[in-house]
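Engineer: So you can see what is in the structure, the chains are spelled out below.
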Amino acid sequence: AQTVTQSQPEMSVQEAETVTLSCTYDTSESDYYLFWYKQPPSRQMILVIRQEAYKQQNATENRFSVNFQKAAKSFSLKISDSQLGDAAMYFCAFPGKGAQKLVFGQGTRLTINP
Amino acid sequence: DGGITQSPKYLFRKEGQNVTLSCEQNLNHDAMYWYRQDPGQGLRLIYYSQIVNDFQKGDIAEGYSVSREKKESFPLTVTSAQKNPTAFYLCASSPIGGARAGGYTFGSGTRLTVV
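Respectively, the protein sequence lines represent chains A and B. Everything in the first sequence is counted per our numbering, starting at 1 for the first residue and increasing by one. Everything in the second sequence is counted per our numbering, starting at 1001 for the first residue and increasing by one.
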């Protein structure tokens, strides 16, 4: 079965500090991307970052970066210099069987303390 | 600007009624998806469609129906057979292969409440 697990239902961090959100997955696909989505209070889903599984270099988008450990099937998201606007639900996702749809984790609610 | 429009934003359903949630996209995407979001359960796939006049059941299709008569439109009907329909519903679209590489574009969602 294609599964994805986010083991941290809630996280909090002080403004300007760094926080890491964890995600593990299980897939039989051989060529795929992994995704992190952000859902702020508006509930609009926004793509934060994606990582190609065949690339060894971890993806980076400004303050957001990933730590991709393919052998361990781990895909964590690091947010540096946390800002109040980063407060949101964060979901990791990867392609389900046949790569015709995305499977999402349960989400991590991130709170930023001023 | 291209995007996905879901309507209505809020919807109230009486017990035993069918209701239809609208999803329209002008991104020229071939694939469209419906997800249900409940607290603590993430997003669960209801139905998806890769091409006009064809669609597949997701993980929680019971009590729901869809149609895909036009590329731009993928309406979701919540039938009276759905025992617990109160949830937030998200529609998404992607090019073919978007789940493997490009990811989805999401609508802004519909909050359905049974009254």
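Bear in mind the hints are in silico, worked out from the structure with no lab data behind them. Being a predicted model, the structure only gives us computed values, none of them experimental. Hints may contain errors.
As the list claims (entries may be wrong) - Ranges between beta-carbon positions, derived for each pair:
id : chain 1 : residue 1 : chain 2 : residue 2 : range
1  : A       : Ser7      : B       : Val1052   : 37 to 45 Å
2  : A       : Ala72     : B       : Gly1002   : 17 to 25 Å
3  : B       : Glu1062   : A       : Thr18     : 24 to 32 Å
4  : A       : Leu47     : B       : Thr1005   : 15 to 23 Å
5  : B       : Asn1084   : A       : Gln14     : 34 to 42 Å
6  : B       : Phe1012   : A       : Gly85     : 39 to 47 Å
7  : A       : Leu47     : B       : Ser1007   : 38 to 46 Å
Stated by the list, open to error - Over the 12 Å line for every Cβ pair with chain A, so calculated as not near, a few chain B residues:
id : residue
8  : Ser1022
9  : Gln1056
10 : Asp1059
11 : Ser1073
12 : Ala1092
Where is the CB? At the ideal position from N, CA and C, for every residue including glycine.
Engineer: Determine for every hint whether it applies to the structure shown.
Structural biologist: These are the hints, each one checked on the structure:
1. For the pair Ser7 (chain A) and Val1052 (chain B), the beta carbons lie near 40 Å from each other, so the given range of 37 to 45 Å is met.
2. Range check, Ala72 (chain A) to Gly1002 (chain B): Cβ separation about 38 Å, and the 17 to 25 Å hint is violated.
3. Between Glu1062 (chain B) and Thr18 (chain A) the Cβ separation comes to about 43 Å, which falls outside the hinted range of 24 to 32 Å.
4. Range check, Leu47 (chain A) to Thr1005 (chain B): Cβ separation about 18 Å, and the 15 to 23 Å hint holds.
5. Remark: the range hint 34 to 42 Å for Asn1084 (chain B) to Gln14 (chain A) is upheld by a beta-carbon distance near 39 Å.
6. Hint check: Phe1012 (chain B) to Gly85 (chain A), Cβ distance near 32 Å, so the stated range 39 to 47 Å is violated.
7. Remark: the range hint 38 to 46 Å for Leu47 (chain A) to Ser1007 (chain B) is contradicted by a beta-carbon distance near 23 Å.
8. Interface exclusion of Ser1022 (chain B) from chain A stands, the closest Cβ pair being 17 Å apart, more than 12 Å.
9. Consistency note on Gln1056 (chain B): stated as away from chain A, yet its beta-carbon is not over 12 Å from all of that chain's, at 8 Å minimum.
10. Its closest Cβ contact with chain A, about 9 Å, brings Asp1059 (chain B) to no more than 12 Å, contrary to its assignment away from the interface.
11. Distance check for Ser1073 (chain B) against chain A: the nearest CB is about 19 Å away, which clears 12 Å, and the non-interface claim stands.
12. Here Ala1092 (chain B) does not stay apart from chain A, with its beta-carbon only about 8 Å from theirs, under the 12 Å limit.
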